[in-house]
Amino acid sequence: MARSVGVMLRELLSHLFAKPATVLYPLQRLEPPERFRGRLIWNTDLCIRCNMCVRDCPCDVLDLVEREDGAVDDKGKPLKDLVAIMDRCIFCGQCSWVCPKDAIRFERVYELAQGDRTSLKMYTEHGTPEPAPQQTASAGESSETENSGEQ
Amino acid sequence: MDNAGSLMPLFYVLIFPGFAFLVAFGLLVDFFDRKVVARLQNRQGPPWYQPLADMIKLLGKEDIVTDHADRGIVNAIPLFGLAAVAAAFLYVPLWNAAWPFSFTGDIIVIVYLLTIPAFVLVLLGWYSPNPFGSLGTGRVITQLFGYEVPFTLALLTPAIVAQSWRLTDLLTYQATHFWFILTTPIAFYVAVVALVGKLERIPFDIPHAETEIVEGPMTEYTGRKLALLKMMFQTEMVVGSALIAVIFLGGPHLPGVTIPIASPLIGGLIGFIITVVKTLLIVFVLSVIKALFSRLRIEQMVSWCLNWLAIPILVQVLIVVVIASR
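Line order of the protein sequences matches chains U and S. With the numbering used here applied, the first sequence closes on residue 151, and no number is skipped along the way. With the numbering used here applied, the second sequence closes on residue 326, and no number is skipped along the way.
Do not take every clue at face value.
To be verified - Calculated cross-link-like contacts (lysine-lysine; reagent style DSSO-like; alpha-carbon spacing at most 30 Å):
| id | chain 1 | residue 1 | chain 2 | residue 2 |
| --- | --- | --- | --- | --- |
| 1 | S | Lys57 | S | Lys35 |
| 2 | S | Lys290 | U | Lys19 |
| 3 | U | Lys19 | S | Lys35 |
By construction, these hints were calculated from the structure, which means they are not laboratory data.
If we strip away everything but chain U, and leave its shape as in the complex, we get:
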């Protein structure tokens, strides 16, 4: 027992003058990991409304609903938008994994707290996503061209 206490004591005292592993949070921030799943972003222009994310979501967060103003596309079909009930989301990443057009993704933003649960939101963006630090820039453009090719 005395030996194990000695080993532990040496370990403890070595920490005393080492750099701490934690930071003073609001003043200093740690960078989240590269594939961190934070804020949910839906790109309206990349999305082809294939319903895959809605079907795959294990928590019934996502749904495609028709627009309130009853707008239709050039074929006469009603336009749909993705809506999310974000307080159900468990950030499993299934939606972005299953999306064929990378239209739904997670940002590395982790300060998502709100005053009440209805204020939790999915964010929307339009157009091709600007070149992000990850390799999404080239991937986004290629999917954009694929998209136009299909149409």
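Following the hints, put chain S in place on chain U, whose structure we already have.
Showing chain S alone in chain U's frame:
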């Protein structure tokens, strides 16, 4: 002049070195303890004002007394405990041997007053309708049997060596001879470990083991009363550490540092700083113990204390008595 002289005892008791200083020093020691434990665990630790902020927060909270609890007792007990610890602090000589509150037998009075916080916890749990409170009370009493007698004997061993029941006499003895940590090392070890039990810190935090019985006797407490109880523990840590620093580490005495007798103010200041540093040294040891161990079970604690505190301190007392009688 006469008027000012009659106000001096009041100043001593209420401001310095009495209650106000004790509370401020308690907050400092609490910060020091938390910071050291955090750094030992590779964390940043709280900023310096965190204990004060905690205290202000608690003081500002709603004051709740549970149903079926005795309102008078519940209100009075925390004050009683804090008052006992604050009274004990007055008798610890902080800067020199000419301490205004010193009298023959003060060491016994301090030991007696430092026992009161344990009984405060017993009463808290006893008058609380909460089962965690009663459970914690039982543990407080059981634990008391483990550390109380060794602690008392450990503090009295230097008194036997110095042939005096007066703390200032122990100071003068250490200034002319060796510090008691060198002459009675076993008593020092027992005193520090028993102090851990007295303060109910890890590994002896069994009475309020958070993972088992919430906060033990303090479960139903909040607001002002919890603030007073926290303050009681902080100040008890100050008094216990300062007491050990005075009895075993020579208090204001430091070899090589001659305190100028001509100016009592500067001499007192130097002695005071030395005592505070030694007190923080003891607190550092307590913090390392806190970071080093995990909680024992109650029966492990008592049997360990009987084996490794009671027997060594009896051997120490025997050695001292045999040497003193020769």
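Hints the structure fails to honour: none
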